[in-house]
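Numbering (the numbering used here), first residue to last: 6 to 105.
Derived from the structure by calculation, the hints contain no laboratory data.
For glycine and all other residues, C-beta sits at the position ideal for the given N, C-alpha and C.
Incorrect hints may have been included.
What the hints assert, rightly or not - Now the in silico label distances, taken between C-beta atoms and shown as ranges:
| no. | residue 1 | residue 2 | range |
| --- | --- | --- | --- |
| 1 | Ala85 | Glu105 | 33 to 39 Å |
| 2 | Asp10 | Ile51 | 31 to 37 Å |
| 3 | Ala69 | Asp10 | 37 to 43 Å |
| 4 | Gly59 | Tyr97 | 52 to 58 Å |
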Amino acid sequence: MALDDKAVAHIAKLARIGLAPEEVAAFRQQMEGIVEWVGMLEEVNIAGVPPMVGTGLATPRLRADEVTNGTATGGDCREAVLENAPDRVGPYYTVPKVVE
6 MALDDKAVAH IAKLARIGLA PEEVAAFRQQ MEGIVEWVGM LEEVNIAGVP PMVGTGLATP
66 RLRADEVTNG TATGGDCREA VLENAPDRVG PYYTVPKVVE
């Protein structure tokens with residue numbers, strides 16, 4: 006599909022992209038490449054693929070809920086998590102006061 010400079014300027018205006026007149030030609034080439042690439046999707050064989058209206062109809066694959074011991078090595082993961090805290094007091098994170 007060939008785009009003219011007027012169409013590119015209109016698309017840029019709709020997208021709120023400020024284009025200088027000398028930039029329109031470069032963007033036209035890029036947009037034509039994108040349209041050509043999307044056009045290749047028409048060649049994809051979708052015979053036998055059921056239509057998908059949305060993801061709400063899909064059944065999610067859920068893993069079984071299993072009780073674990075907290076870390077891959079076993080045991081309590083509290084210390085491993087608190088090691089990442091920039092400041093802490095005992096087993097608690099400390100954060101700056103934001104409300105007076």
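Evaluation of the provided hints:
1. Ala85 with Glu105: 33 to 39 Å: 34 Å, holds
2. Asp10 with Ile51: 31 to 37 Å: 35 Å, holds
3. Ala69 with Asp10: 37 to 43 Å: 59 Å, violated
4. Gly59 with Tyr97: 52 to 58 Å: 43 Å, violated
Checked against the numbered hints above, the structure violates hints 3 and 4; every other hint is satisfied.
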